[in-house]
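The listed protein sequences correspond, in order, to chains A and B.
Converting from the first sequence to our numbering requires adding 1455 to each position, the first position being numbered 1.
Converting from the second sequence to our numbering requires adding 1455 to each position, the first position being numbered 1.
Worth flagging that the hints you see were computed from the coordinates, not collected in a lab.
Be a bit skeptical, because a hint or two may be false.
Unchecked claim - Derived list of chain B stretches under chain A, where covered just means 3 residues or more per stretch with a C-beta under 8 Å from a C-beta of chain A: (1) 1537–1546; (2) 1596–1602; (3) 1636–1646; (4) 1710–1721.
Unchecked claim - Restraint ranges, calculated between C-beta atoms of paired labels, are given here: (5) E1533(B) / D1666(A): 42 to 48 Å; (6) M1456(B) / L1722(A): 42 to 48 Å; (7) S1584(A) / P1498(B): 25 to 31 Å; (8) R1732(B) / G1593(A): 33 to 39 Å; (9) D1626(A) / R1621(B): 54 to 60 Å; (10) R1732(B) / T1507(A): 34 to 40 Å; (11) S1569(A) / S1564(B): 45 to 51 Å; (12) A1662(A) / R1765(B): 37 to 43 Å; (13) G1593(B) / S1584(A): 51 to 57 Å; (14) Q1658(A) / T1500(B): 35 to 41 Å; (15) A1640(A) / R1732(B): 36 to 42 Å; (16) L1786(B) / T1589(A): 40 to 46 Å; (17) A1662(A) / A1469(B): 27 to 33 Å; (18) A1509(A) / S1564(B): 24 to 30 Å.
Every residue gets a Cβ at the ideal spot worked out from N, C-alpha and C, and that includes glycine.
2 protein chains.
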Amino acid sequence: MIPAPFLLYLGHSADALGIKTSRGLAEFRREDCVGEFRHDDSPLTLGLPRMTMAEAVAAGAKTLVLGIAGAGGKLPAELIADAKAGLEAGLNVAAGLHERLRDQPELASIAQRSGLQLFDVREPPRGLSVGKGTPRAGHRLLTVGTDCSVGKMYATLALARGLQARGVAADFRATGQTGILIAGAGVAVDAVVADFISGAIEQLSEARDDDGWDLIEGQGSLFHPSFAGVSLGLLHGAQPEALVLCHDPARPHMRGIPGRALPDLGLCLERNLEAARLTSPGVRAVGICLNTSGMDRDAALRLCAATQDRLALPCTDPIAFGVEPILDRLLCTDISTRSTTASH
Amino acid sequence: MIPAPFLLYLGHSADALGIKTSRGLAEFRREDCVGEFRHDDSPLTLGLPRMTMAEAVAAGAKTLVLGIAGAGGKLPAELIADAKAGLEAGLNVAAGLHERLRDQPELASIAQRSGLQLFDVREPPRGLSVGKGTPRAGHRLLTVGTDCSVGKMYATLALARGLQARGVAADFRATGQTGILIAGAGVAVDAVVADFISGAIEQLSEARDDDGWDLIEGQGSLFHPSFAGVSLGLLHGAQPEALVLCHDPARPHMRGIPGRALPDLGLCLERNLEAARLTSPGVRAVGICLNTSGMDRDAALRLCAATQDRLALPCTDPIAFGVEPILDRLLCTDISTRSTTASH
Chain A
1456 MIPAPFLLYL GHSADALGIK TSRGLAEFRR EDCVGEFRHD DSPLTLGLPR MTMAEAVAAG
1516 AKTLVLGIAG AGGKLPAELI ADAKAGLEAG LNVAAGLHER LRDQPELASI AQRSGLQLFD
1576 VREPPRGLSV GKGTPRAGHR LLTVGTDCSV GKMYATLALA RGLQARGVAA DFRATGQTGI
1636 LIAGAGVAVD AVVADFISGA IEQLSEARDD DGWDLIEGQG SLFHPSFAGV SLGLLHGAQP
1696 EALVLCHDPA RPHMRGIPGR ALPDLGLCLE RNLEAARLTS PGVRAVGICL NTSGMDRDAA
1756 LRLCAATQDR LALPCTDPIA FGVEPILDRL LCTDISTRST TASH
Chain B
1456 MIPAPFLLYL GHSADALGIK TSRGLAEFRR EDCVGEFRHD DSPLTLGLPR MTMAEAVAAG
1516 AKTLVLGIAG AGGKLPAELI ADAKAGLEAG LNVAAGLHER LRDQPELASI AQRSGLQLFD
1576 VREPPRGLSV GKGTPRAGHR LLTVGTDCSV GKMYATLALA RGLQARGVAA DFRATGQTGI
1636 LIAGAGVAVD AVVADFISGA IEQLSEARDD DGWDLIEGQG SLFHPSFAGV SLGLLHGAQP
1696 EALVLCHDPA RPHMRGIPGR ALPDLGLCLE RNLEAARLTS PGVRAVGICL NTSGMDRDAA
1756 LRLCAATQDR LALPCTDPIA FGVEPILDRL LCTDISTRST TASH
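If we strip away everything but chain A, and leave its shape as in the complex, we get (with noise of 0.2 Å):
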């Protein structure tokens, strides 16, 4: 609903993790994006034609996506203005802060003169409701992390495009703003009330008797002394069937807390595990995902190996070595435990 094709923003930023939403789509739907926007102070590319908005706009652009995010969703004073500059070259404006668009008294006039339209991709649903933890039907993979932006999208997107190329029914279930505008749907469970955590992750992965499987976006991490209230509801509620656990080898430290060590692999899993077996008491880990980008190709092979021998669960980097040995063991125990029940 969000009109296509897009212009993706950069802004000032040169923090590779900071535009991940920018990233998202020039990644997952290239074909949408026709270029990038970014001042001379951005060293950050990805890899699209640099356009000003009246370039974008010549080329077929719609929407102009902020697509950076800071901690806290702060909507600051240079994206505002620039916003505003693509409202008036004839752009829509969409951003996933915490600070909505529509809030800009300025922004909102603009909108309205030009008939453009803002899209706040965080604002929550109306209407939810409080989660139960009530047993419900269906298999769920929820992707958890040792880290906030670690992957976690991008494994959970690759793991529901092998399901479905192996014939399996597979949705993905955004949770985050990169994913809600990856999938056109999902909700931002960083942005709900805090009381609806894992109700609203109840509401956004519903019951299934198809056999199919949702593949839910993890946030954060239980050891983000930040952000891991929204993980461990959000565990809760996906009443998950399967972990995977997502990690950064090369993140020196807990993202924005300088200092602040990483949890052992082994730990992390052991404690979602240990908290997803409240609602989830059969959940199983089922594979590690690492995000080997800034590797050579046979350090990241041995890293894959090597993690995969020390937590006895298959390894891979979901977008360079695919996630093949996931889907094999995920899909190996189900058959067999389906089997089993079938045998009553």
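Starting from the known structure of chain A, fit chain B onto it as the hints suggest.
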């Protein structure tokens, strides 16, 4: 700032836990309560004179407090109708539900016309930030629970008053609607945007260097599938030096979820300590508070003694038996820690 005296609302409620906000005010600010309003079908009472709206106004009441709360904080039609009747009788109206009084056009219009005020105490402060978990100075105690509504607020208030009686600086930090109405300040942590749970508590309970204590009211339970995210974020934001576990031995199942058993006290305490260590590595448990209001005195004393033996922690009912054993444990170890520090 909410004008007293109050008329406390019970409405049609037959659920003793559902009226906990009215009950809390009757308990802790009784001098400010002139009466209770209930319909004929409510079997409950707070022991205050039953009054119509008009009788309450004649008795001096300034504000009708809609002190009832169901899961999800909805504002049902019957409550809106009674709020309207209160306004028409000349009372301000206060409520602590997720759905806001001021969002009801009819109530807003009557209030404006009559010069009366609507108070939505669950409205979070503006400008919250994400938590960081940065170590901060000061002594902080947090109450945690096996379930919702097991007496965490009562225990926290009793501990604050107990410390004050010993001449120790102590401040109650309210995190729920009832506590906020009692204290006149606080943050309804279950109503903040999910990303800001721990940040809201860091802001509520700032660093202090006066050797006094912040006594922070806990919410929910790590074992409640509806609210565990709130509980975990609160735990991380509180950065507590000390935990007190609260429990209602008469609770048949987790609040609102028939069939779901309460956790074992030892397991519940261990999980809370484990999670708290993320931001407060030296956290320790200092006591157990039981709500024994439904038991006879001898049975209650026996249960406290047995629990104390089993968990090797002081155990008491804070209302029936006071909190002295917990304060002894809290301050004793605290003093020994300080002596050690001083001798360095």
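Okay, the hints, checked on the actual structure:
Beta-carbon proximity to chain A at under 8 Å applies to 0 residues in the segment 1537–1546 of chain B; the threshold of 3 is not reached and the given coverage is violated. Here's how the segment 1596–1602 of chain B fares: 0 of its residues keep a CB closer than 8 Å to some CB of chain A, so the rule of at least three is not met and the hint is violated. Interface restraint, the segment 1636–1646 of chain B with chain A: holds (3 residues with C-beta to C-beta distance below 8 Å; minimum three). Counting residues of the segment 1710–1721 of chain B whose CB falls under 8 Å from any CB of chain A gives 3; the rule of at least 3 is met.
Checking the proposed 42 to 48 Å range against E1533(B) and D1666(A) shows it holds: the Cβ atoms sit about 44 Å from each other. A C-beta distance of roughly 46 Å is found between M1456(B) and L1722(A), which places it inside the suggested range of 42 to 48 Å. For the pair S1584(A) and P1498(B), the beta carbons lie near 27 Å from each other, so the given range of 25 to 31 Å is met. Checked against the hint of 33 to 39 Å, the pair R1732(B) and G1593(A) passes, with Cβ atoms roughly 35 Å apart.
Distance hint check: the CB atoms of D1626(A) and R1621(B) are about 59 Å apart, consistent with the given range 54 to 60 Å. Distance hint check: the CB atoms of R1732(B) and T1507(A) are about 51 Å apart, inconsistent with the given range 34 to 40 Å. A hinted range of 45 to 51 Å is violated for the C-beta pair S1569(A) and S1564(B), which are about 34 Å apart. The beta-carbon spacing between A1662(A) and R1765(B), approximately 40 Å, falls within the hinted interval of 37 to 43 Å.
Here the CB-CB span from G1593(B) to S1584(A) is close to 37 Å, at odds with the stated 51 to 57 Å. A beta carbon spacing of about 38 Å between Q1658(A) and T1500(B) agrees with the range 35 to 41 Å that was offered as a hint. Between A1640(A) and R1732(B) the beta carbon distance is about 38 Å. The supplied range of 36 to 42 Å therefore holds. For the pair L1786(B) and T1589(A), the supplied restraint of 40 to 46 Å holds, since their beta-carbon distance comes to about 44 Å.
For the pair A1662(A) and A1469(B), the supplied restraint of 27 to 33 Å holds, since their beta-carbon distance comes to about 31 Å. At about 47 Å, the beta-carbon gap between A1509(A) and S1564(B) misses the expected band of 24 to 30 Å.
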